[in-house]
Every structure is written in structure tokens, then in C-alpha cells.
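Colleague: If you want the building blocks of each chain, they are given just below.
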Amino acid sequence: MKTKYSQTLKDAFRQICGKTAWALLALFCLVSCDDPYEGDTFTIYDMQPASTYLSSREDCSEWVNIMKYADLYNAVNQATQYFTVFVPTNDAVQRFYQKEGVSSIEELGEEYANNLVKFHLLADTLDQQSFIEIDGALPYKTVSEDELTLSYGEDGTAGGLQSLYLNGEAHVSELANRVSNGFVYILDDVMTPLTESVYERLCDPERPFSLFREAVEATKLNERINVIYKETVDANGLPITQKQNFTVLAVSDEVYQKDGINSLQDLIDKLEAGSDYTNPTNALYQYVAYHIMSGAYNLSKLQAFDTEGATAKNWETLNPEGLVKITEVDGVYYMNYSVEESRATFLEDESNIQAKNGYVHQIDSWMPVAEAQPETVLFDVTSYDAVKDWIEAGNGDFDEMKYQTVHSSTEGNADISSLGLYDYYLNNPSSWRPGSSKPDWFIIYFTAKSTNDWQNAENHDFLMLNLGNNGWITFTTPVIVKGKYKVSMQFGNAKSMDFIHNAESGSNGGQMEFTIDDANTKTVSPYMSSDVHTGGSYMFTSTIYDEIEFTSTSSHQFKLVMKDPAASTNSNYRIMIDYILFEPITETTEE
Amino acid sequence: MKKLLTTILLFGSMLTMTGCSDYLDILPKDKQTSDMFWKSREDVEAVLAQAYHLTRGSVKDMLNWGELRGGSVNTSDVDAAKIQDFQILPNNKYVKWANFYNIIGLANAVLYYAPGVMDEDASYKEEQMKSNQTEAYFLRALSYFYLVRNFRDVPLITEPYIDDQMPTNVPKSSESEVIAQIKKDITDALATNAAKETYTETWENKGRATKWALLALMTDVCLWSEDYQGCVDYADQLINASAAIRPVFITSSSQWFEMFYPGNSNESIFEIQFEGDLDQTSGGPTDLTYWNDSPMGLYFSETMTERLMEPEVVNTVRGLYGNFGYDNTTETEILQPIIWKYNGMGEDWEMKREGDNQDANFIVYRMADVMLMKAEALIRLEGTANWQEAIDLINQTRTRGEMASLDIDPAETSELDLLTALLEERDIEFAAEGKRWYDLLRLGRQQNFQYRSQFVDLVMSNNTTANRTWLNSVLTDDDAWFLPIPEWDMNTNNQLVQNPYYDVVQ
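So the sequences go chain by chain: A and B.
For the first sequence, the working numbering begins at 1 and goes up steadily by one.
For the second sequence, the working numbering begins at 1 and goes up steadily by one.
Check before you lean on any hint, since a few could be wrong.
[As the list claims (entries may be wrong)] Here are the computed distance ranges between Cβ atoms for each label pair:
#1 B/N491 <-> A/S130: 20 to 26 Å
#2 B/T465 <-> A/V227: 40 to 46 Å
#3 B/N491 <-> A/P139: 25 to 31 Å
Bear in mind the hints are in silico, worked out from the structure with no lab data behind them.
All values derive from a computational prediction rather than experimental measurement.
Just so it is clear, CB atoms sit at the ideal spot from N, CA and C, and this is done for glycine as well.
Whenever a hint applies, use it, and build me the whole structure from the sequences.
Modeller: See below:
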């Protein structure tokens, strides 16, 4: 019975399921499936990578063609790499073609196209808030290894956001369109790739520097500042290519004329120069060299000072004894403010003229060589273009390591012993502690992370040394104006280095012997200072010389010899140098 | 059995189609619809009270927007500093107009629903209803006045959001249309003759909209819109008022600080109320400028401090421990001068506000403001008699501020010299009261940008934090003198077009 009843139910359900349920289901389908959102479009993920995004914009189609021709379209579309792409509109590209006398990118060639796209490309992200806060140069170089500058114009009644210019020639019409792998900025003009040297910039027919250029040529310094890349060898004799950079403080013909200088001969006469213009002791040579700095410095760099509250800084020139002192007075930046006949200011609208190997700035006086005045010199012992190039070439211990940059959670290390920046002697330094990934690195460029006090180091970096007992290193200081100075150093200390401060584990307290120009021997134990904050990653300063007198204006050999046995025995042993500070001592006479 | 089961299923399926048609109409127990609200006088007043409450949340906007670009007050807040440095983008968290629109929404609701409440509540008389409406008119007009001075063209919404048929995407109206609406609101409110001169509680006389508050606001709006004679006329209605209880200019120097502590002084016309005993300190002037915050929110700038430290100011009631103060027990030099009018209770560092006393009110209008607005209008109207009257008005606040009278012969001076003297006086008298940027804007914009270069010079010379080249470039563009439409609103209202200077921003 039970079985039969069960069977009956089963049959009934089967029949119902087989017919009625299907009918009901059909009924439900008819009445219950009104879709209130029918016809609406739903966005699941609305961002595309840079190249795909650009392909969707009709106003940028010519740039897409250029990217494809340059074989960079897919590269800029990578999902694993972040970019900031500056993209000229079709109108801008057509004007550029017209200027170049071509009708298509093919006429300029694939190599040119490749360089053009790379010149408009940063391999990093730059959002719009960071972009508008830039003062001078962009924080990242282009993929073509060039520096871009941002300036703000005053186009009639449009300024600020409406008047942003890259390299002084490309108006930015759209900021930071977000794409999945970075940002796209739209330009109303193409940026002309930099190919000219600073010397060639001086020679531009529209530039008013004919007399100054003649003087440069007479001294043959034009040959030096016309070099962009120099082939040389590193400390191990291996060939390397070094980028050469210069900053020229150029004088216009009009300025010379105001001082009665109408020809090169007038300038020579005024300087009372002999005829051997290529001799570094010749007054014309010294005058021209005084107007050229080694290094690429835009105005914002020249108008920055080393220490908080400072308002002046001496800048080295190719004239070894000639320093240009830049001083801020009431918001105006002067060169040689205290020497009236050599005082000059920048003509800002005619400055920041970029070249492949630096900048040209136009100044408002003929600026003869001024006697240098003592000024505080902060010598950041790792601030060298060679270190920057080395890091940017990928020689750090992690791929994203950047020069003078704080990384959020990672400290950067790079072996810079082969760059020829320092003379040094390693005397059996202890191998790094077990687990260290780089046990054979002893002269290390080190960048801080954002989680401790080291991030506040000058330029956020240190020189980390492990020289061994009696090992030594010599620094060549910047040119320092003759006079009396107090010399101090800023160091870094870590918890694992506390044994030096405590003179434990074989350490005598980190004794060091200092000399300047092989004299002025001084033995100091900076790490034993009461200013050392132990138990973590901190910085401290230590006075090395209370007073030392330099009798000539020149650079000096600053030597440090480790005199601590633990430097050769303790695997945690190292010292970390941030900078060396030379502060002039001004003697006051009581009346 | 088969028939039975079929029948059950068919009925069941019918139930799913017909039986539950109204369950979506059942409201959660803690929710009310508009139809269920607006039943009594208390309902109207509750909404008004909420609107007043929201004005407290707007004080940070009133101070940040009114001060930071003027250069007399600086901030340590990274995002607010973008306003100070004119690096403002639509995603800046201090550039949001929502709070003002929330007040406008509540005011719109009172204006729309209050008349109907009389039918529901017999005790709610027309006089009371109209009085409530004057408060709503004031709050709506005041909110739009802040919006128009900061964003220029803004969506003009004067109807409450009643149902889903109401448009949510509203385009911008022009500055002149918004100003016209503000004036209409104030005129309509005054025309009812229902605006109160006094309330029951003393604090209400200053903390709720009165006839005096409407007149002060109209004075300000007329001055902003270059209706100088209107400005003088409305100011005179306040200055020459004879009601027994009315705002009056305090002439006694020794009582100057009483405007800020304890506040709600006789001179005050309208101030946003904070009461520490009721835990109403958050977002108030003391909270925003608190002396013990590190870093401090708002403080006097370097250039303003120099002015306050001038010998003719520093030892007066508007100088040290008047407008500004510092911890003279630990600091030998003034690093971040504290805005003492919001942080002090007397003329000594030991009298600093702490705990429940961190509750200074925010004064929106007071009589000295009305007098100096009238002076500004008189200067713009020109004529020796007008200028002499303007000088006399300026001298009244200077005299109270223990400063020497201006030695200016109206027959020998110029409009610009007088406007400069007026601006200097307003800078000291209303230091950190959220007025400075609008004072400067009037100088720069009015009479077809006649004094544009002087405006730019003043902003440049007062601002010590922004990059000089950038600041000079930004100020060239008068569209940049206003704020961008907030990013959130751009994303949610497809009728909005970004303000012109900011249209390059994505």
C-alpha cells in the first residue's frame, strides 16, 4: 500500500512537473521578467590602457599613427608598466610637420619618430595635482633621458591652469586623463626633441648672443660645451659613456653695448686680457669660464639654497677660482649681489633655454668675474650626476630604486665603488652580516624608506661605507672660498650600529682620523657623541673641526681613515655619511 | 489527487501574482514621508532648527574660502593649503558646496510646506508661519550668497525635492540670476513685515535670522552687486534704527573683545552659535583655529602678523591678546600667531580657551561691518560729502580700536587711496572673520576691473607661501579667482559644465 501510494504521488508529480509545471513556468516567464533597466548600459570597467584610449580619440589619431610607426604603440599599452603620456593633437602634429617641411612622419624616419614619442613619454605616473605643483623640471626624465620643464605663462587674461607650458613651447590643454596604466595629457603643440647642445643654442640665429658666442669660440670653450656624450673608461678600465651637462649664463649684445662693449676686441680690452685666449690663466678665458657651470641647472635649482633659512649659495663655474654667488634679496635672485659691478639678475622670460646637454639663462649685466665671498657649503657626498645615471641605468638592488628618492617601504642600495668618485682603500673590511644580499659591496649609495628618520636626510640618501680598520676614503670637496670655517658632518645611525656608540663588541667607539689636504689631522669618534639617538634609524651631526682656515679659494681633499678594529671584524660594521658642512666663521671686531 | 495538486499549485501561482501587491508600500517603522510630516508648528521649527544646525558645518567653508586666498590667515592643513596657494582642483576635499545646498534644501521645504501646516495645526498662525518663512528666506539667501561669491555661476534651486519627478540634474544659473534671486528672497522676507526684531531667548536674537540680519545681508549683497546706493540705504536702516532692542555699534574700546567672548554682544547682528556645554564645539571657530592643535589649523600669516605687530596696533584692543596671541610663557618669538579672538577669554595667555570653552561663535554680521560696507559704497559713489562720511565711518572703528583717526582731506584724496584705507581698516577689524577674500575681490572686480592690478599686488604681497611665478600667472586669469565645481557634482549632475578656468582638469 505504502509503495503504491508512493508510486501514485511520484506519478502525479511527474505528470505535474511534466505538463502543468512547464505551463506555470511559461506563465512566470511571461509576467515576471520585465527588466526595468532594459536598454541601459552598464559599465563594468571603463578605463583602457593609454594607447587604446588614444585610439578612441579622433583628435589624437595622428599621434597614434606616429606611435605605431615608431613601434611604441604596444609598449605604451602595457598593463604592467605605468606611463605619463604627453600627446599633441592632430592640429599640433600638422603644424609640426609644416615646421619640419614634411607631410608625414614617414618622411622623418622611424628613428626620429621613436625619439619623438620617447621625448613625450615618462615611465612613471604624474597626477594632475602633482603636475601643477611642479616648480621647474618634471620629477622624472623622459624615456629619451631628457628633462622637461613646466612653466606658467600669462596669455592675455589666461594664466595658471589655462597657461601651462611644457618646455616653454607646448601648451597643455587637458590635464591627466586617467588611463588604466597611467595618465594622458593633451598638448596643443608638439615638443621639439632636444638635439642641440648649449653651444648650438647660443648660435641660434634668433638668440642675441653673437658677441658672447665669439668670446666662447675664442677661448675654445665652445668645443667643451658642444659635447653631449663623452666616451671614457671607468675605474676598472671599462669603456663608459658619460653625459656632459652645462649651464651657461649668457650675455646679450644689447647688455654689452650698454657698457660700451661693441666687439670682442672691446671685451678683451675691458678685461685687459692677453692674446692667449685658450689659456686658463687668460682673463678672457676666465671671464667666459665664469659664465659656465658644470651641470644642468634650471632656474628653480639655481634659486634654491642648501640649508633651511639660507638665502645665498656659491656656485662653481669652469673658472676654478670663480664662484657665482646667488642671493635672494626681497624675493629677487641676484648673482654677486654684494659686488655691484658684477651684480646681475636672471631675465626669467629669456632663461631656462633647454639644450640636450643643459640650460642657457640670459642675464642682465655683463658680469665680470667677482671676488668670491665665503658662504656655507653643504657637500652632499653622493650628489653626483654619475650616481644618478648609475641608478637610472638600473644598478640599484631593486628595479624601482630611484636616485634621491624615498621609497615607501624599501631601502635602496647600489655599489658605486667603480664610478671613480672617491679615492679609497679597503683594508680587510668585514663581510656583511649573514643574510645580506650584497656581502661584497663596501661603498654603497643608500636611499631611505619612509618609515624612519633617515628619510629626512639631505636628498634622502647616504653614503654607506665599510672600509675596514685603517681603510680610508678621500672626498674632493666643492670649491670653498678662502677663509675660516667650522666643519661638521651629518651621519646616520641604526639600532644594529649601537655597539659602535657603546664601544662594545670590539669597537673603540668608531674612531676616525680626518685630514684636509694631508694636513690638519684630527681624531674624532662621532658615533660616541651624546647626540646619537640609539635604538633606531636616526641622524646626528658631529663637529669635526671647530675652526679651520683655507688660504685659497679651491676644492680640497677631505680624507677619512677608520681607526676602529671592529671595522674589520664585526659584520654589522658600517658608517653612514649624509653630508659635510662648511660654515664660514665671521669674525666680529668690538669697537 | 492529481486535480487536487494541480489546483493547489495554480492557486499558489495566482497568489504570487496578486497577493503581495502592497508590501512594497509598507515603510520601515523609523521613516516618515513628507505627507506624514508637516503637520504642526513644531515640524516647521524642527526643520528650521536643522537648517541652523547645518550652518555650523559650513563655518569651515566660510573661514577657509573667505580667508585663505586673502593671505591674512594661513593653514597647516595640506589640502586646505591648496586653496591658499591657488593650486585648487575639483577633487579638493575643502571645495564642496553640499553643505550649503543642504541648507537650501531645508529652506526650500519650509517655504513650500509651511503654509499648508496652518491647515493641519490651528495653533500655527499666519504671522508665525510668515516669520518662519523669513528665516528660511534668510538662510537660503545667505547660502546662495556664499556660493555665488565662491563659485560665481551655480545651480539655482528654489523648490524642495518633493518626489522622483523632480529634476536632480540642474544646470548653472548666472551670477546675476543668483544675485537677483537672493535680493528677491530678502525683499520678499522684509515685505511680509513678519521678520522678528527679537526672540524669547537672548541667544536667539543673534543666533536666528532677524529683520536686522536680513538688512545686513541685503547691505552686503548690494555692495557685492555694485548697487552702492542700495547698500547705503539698507545700511542706514540698521544704523538709524530706533527699536528698543536692536544691534548697536559698541563705542567702548574696552568692550571690543566681548564680541568674541562671551559673544552675542549688542553689536552682533547674526552669529552661528556654538555651546560647549552642549558638546557643540566641533567645526566651530575655536575648533578650526585651536591653539593646542599640532599642526595648528588656521593661524595668522606672516604678513598679517607683521601688521598686527605694528606699534599702532599691537598694544591696542585689536592687537596682542585681542586679535592675536601666542604662548609667551614658552615662545620667545611668534612662530604661529594664534587667532586669539576665537581662542581667548581675556588679555592674557592664561585666559586661553580650553575644554567646554572652545565654543566661540562665528560672527556673520555685526554693526561695524555694516558701517564699513556703507563707507565702501560711499567711496564708490564719489563726491566730497560722501567721502567725508566714509572717512568718519572708518574713523569710528579706528577710534574704538584705539588707533588715530585718518588724516585724509576728502577734497585732496583719490578713490583708490580711500579704498586702500578702508581695506586696511577692515583687515584689522575683521581679522580672521571670513571677510578678507571677498573684500579683495570687490576691489579687483568692481567697476569693470578698474583696480585689477592693485588687487593682484595685494594678493601677491600678502601671500608668502605660493610660488611667485605660479601665483602671478593664476591671478592673471580672473576666472581663477573662483572655485571649481566639486568633482562629485560634476560626476553626478550631467547638466553641469565645469567653471571656465578649470575646464582643462579631467
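Colleague: Could you run down the list of hints and mark each one as holding or not?
Modeller: A quick look at each hint next to the structure:
Against the hinted window of 20 to 26 Å, the Cβ-Cβ separation of B/N491 and A/S130 comes to about 21 Å, which satisfies the hint. For B/T465 paired with A/V227, a C-beta distance near 41 Å keeps the hint of 40 to 46 Å intact. A hinted range of 25 to 31 Å holds for the C-beta pair B/N491 and A/P139, which are about 29 Å apart.
Going through the hint list in order, the structure satisfies each hint without exception.
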